[in-house]
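Taken in order, these protein sequences are the chains called A and B. Using this note's numbering, the letters of the first sequence correspond one by one to residues 471 to 892. Using this note's numbering, the letters of the second sequence correspond one by one to residues 434 to 768.
Hints should not be assumed to be uniformly reliable.
Unchecked claim - Heads up, simulated DSSO-like pairs for lysine-lysine below, C-alpha to C-alpha not over 27 Å straight-line:
no.	chain 1	residue 1	chain 2	residue 2
1	B	K536	B	K635
2	A	K780	B	K478
3	B	K581	A	K682
As the list claims (entries may be wrong) - If you anchor each label on the Cβ, the simulated ranges turn out as follows:
no.	chain 1	residue 1	chain 2	residue 2	range
4	A	I706	B	P677	34 to 40 Å
5	B	A577	A	V661	45 to 51 Å
6	B	A585	A	N815	42 to 48 Å
7	B	E570	A	P744	57 to 63 Å
Unchecked claim - Computed far set for chain B versus chain A, every beta-carbon distance over 10 Å:
no.	residue
8	L546
9	E558
10	E639
11	I673
Bear in mind the hints are in silico, worked out from the structure with no lab data behind them. Only a predicted model underlies this, so the values are computations on that prediction, with no experimental measurement involved. Cβ coordinates follow ideal geometry from the N, Cα and C atoms, glycine included.
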Amino acid sequence: MGIALVAALLVLVVTALTPVASAASPAASPSAAAATAPKGTPIPVGVIPDPNAVITSGNGKLWNGDVVEVNFAPNGSDIGPNGKQLPNAGIDVAKCQVFINGALQKLTGPPVVQYLSPATPTLHFSLSSSYTSGKYDFKVVMVTTKGVSVEKQWSYDSQGQAGGQLVKWSVIKNWWKYIARGAIVTVELTVISILFASILALFGSLGRLSKKMTFRQAWDRYQSWGYMWRMVLGRIPYWVATFYTSLFRGTPLLLQIIFIYQVTPEIIRAFGLPNTLNPPAFWSGVAALSLNYGAYLTEVFRAGIQAVPKGQNEAAWAIGLSGWQTQRRVILPQAFKIVIPAVGNDFIALIKDTSLVSVITVEELLRRSQLAGAATFSFMSTLIVAAAFYWALTIFFSFWQAKLETRMARDKAREKEKGKAK
Amino acid sequence: MGTETYAHETIIDDKGRELVVKVEGLQKYFGKNHVLKGIDLEVYKGEVLVLIGPSGSGKSTFLRCLNFLEDPTIGEIRVGDVHVTCGSHGGKFKKDVHEIRMKCGMVFQEFNLFPHKDATENVTEGPILVKGLKKEEAIRKAQALLTKVGLAERMDFFPSQLSGGQKQRVAIARAMAMDPVLMLFDEPTSALDPELIGEVLKVMKELAEGGMTMIVVSHEMGFSRDVADRVVYMDDGYFIEQGPPSEVFFHPKDDRTKRFLRHILPEKEPEHAKELGIVEVDQELPDPDAVEGPPQGAVGAALDEGNFKDTAIPEIPLSGGPMGETPLPPGGENL
């Protein structure tokens, strides 16, 4: 059963990875153009309202059919030649047009760019006439101040009435691939962060364990200021590692993510560097997750190293290995085996904690499902897709974690068997 | 003493013997606990020294101080041509300690084999990493050593696949792979099942016959009698008595040695106790505890810690135990 699940997930990921631009039905795959759009071209990702959505509320129409909104990714159109942010995300609003069923719509005024979300602004058209229900073809033409124009069409069949299902299969059908790409970003975030976190944790744990003697003991032992001074220098790794674990385990992960994302550009500005140096949201997220999980894994690694019997150290010293050789050849290989289950646990936890990165506009699983929900007015459908992906991912990786552990157990059993055979 | 010690110079005494170990005034504190209280020792090439003594007397600590697994507090230690003044620090100290460790092979009570490496890798680890031997060369050497300790069949076995005796023999091969001038054995057979002790002692005996200088902490009296050149009785951080095994075992001079032997031999080695004439030893012994007054009755004897062992010994023949052939008079009768 586990294998079937894994296989299903693999198929899901693979299909999500294959480009779908040409095969897309008119109403589906709003991000199909993303792969090919050149820098500076805005990418329309969704139209609001989706007439498939419930567009009336209990006490009357929520939407009167006189507004069309388009979510779009600026894709660089909002950055001017000097690296400064352009107004209206670089869209020449006066030249933008909206067509319904092929007819150019009259507007009550020029469209407006609204930043409901920083990464995906919205172009808002107010129509002078309204439309109600039925099948509509929307076409939007967006023009940037540089004169680049983008067209995008959507077809919707609308009943234009209240009610409808809570979970809309059409939404899931149309949007799951878009959300699946977010799942890939989630996996990337997780894998890259756990790698960096493990490296941090390795040095962190060695730092935490570098304290051999208290100052009082050292003074009683050697009574030498030279020795004490060298001891102060030798104590620095311990202090750094202790400060690091204390700080990152003592503050919320969400705060760390937002802090790194918001403060790095401030630092860059303070030093007068161009803001093209600003780290992308993705790498800010990786940095925060790595630092936070590195702090937790530091303690895990420390416990793992301490769990290796003391006699191993002594045996290594007795045959003349240096301190570093002892760590590298004798202690760490044994410690890694001890910590694998704990690191696996943290890996699973990290998959879920990557969702926090959505607050800094990284388009991972949760963020994409929210965008899709905003575009379709059906959060129920899109968030269920996100939950399903998270669940599938954790099951997938738990499965491999269990495999790894049984493999380690089997190695031991095989060793024993071999011992009996001879 | 009589021999001056200079670094990096082989010392030969007037009888033509090469000095391998020289310890002067060695003291060790664990915090405020004074464990070694001033030890002097000279060991010459090819000599086998056996350290005996009650638990807590500092035998293991002394052995571990010799290759600086414990950092001695005060004293001078010389192994081969390397001389270290204990209690110092710094680069030269570290370098000298490293050199001493390369010269000493150590075998532990708990084997301490590397569990993630097979027998051959355990043995090649030191030569490759420390001596910079080529891998093939190190493996050839390891195979020769493992064959020598009787493990030709088990070279690619992991420690978890080996019995205690086999593990300890791999540990001996691992220590020998560094071509030590001195082998330290820290109770090498204490963690072994009785039937496995023999195979380890046999290897140690072969080593001794091959001319290896050895310091052994062990209560295997049979081994000591057959192999040791010198037996040292250690108690309370001092060397109390030393001499050839025949002298220390048969004619101990110090009361503490007598008490210890009388206690340890019948319990651990009833046959050797008889062979070594433990009865004689006991008869010579004026028991210091007994002098203060014999215990009244069995309960009093059991409560009196000092006399408990003495009164317990003659009870064994009544139950038909192995002690039947070596009856010992109760301490009180020595009066």
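Hints, one by one, checked against the model:
1. K536(B) x K635(B): Status holds; Cα separation ~23 Å.
2. K780(A) x K478(B): 31 Å, violated
3. K581(B) x K682(A): Given that 27 Å is the threshold and the Cα spacing comes to 39 Å, the pair is violated.
4. I706(A) x P677(B): 34 to 40 Å: 55 Å, violated
5. A577(B) x V661(A): 45 to 51 Å: 47 Å, holds
6. A585(B) x N815(A): 42 to 48 Å: 44 Å, holds
7. E570(B) x P744(A): 57 to 63 Å: Since the Cβ atoms of E570(B) and P744(A) sit about 58 Å apart, the hinted range of 57 to 63 Å holds.
8. L546: Non-interface label on L546(B) violated, nearest chain A Cβ at 7 Å vs cutoff 10 Å.
9. E558: Not fine: 7 Å to the nearest Cβ puts E558(B) too close to chain A.
10. E639: Label holds. Min Cβ-Cβ 21 Å, cutoff 10 Å.
11. I673: 27 Å, holds
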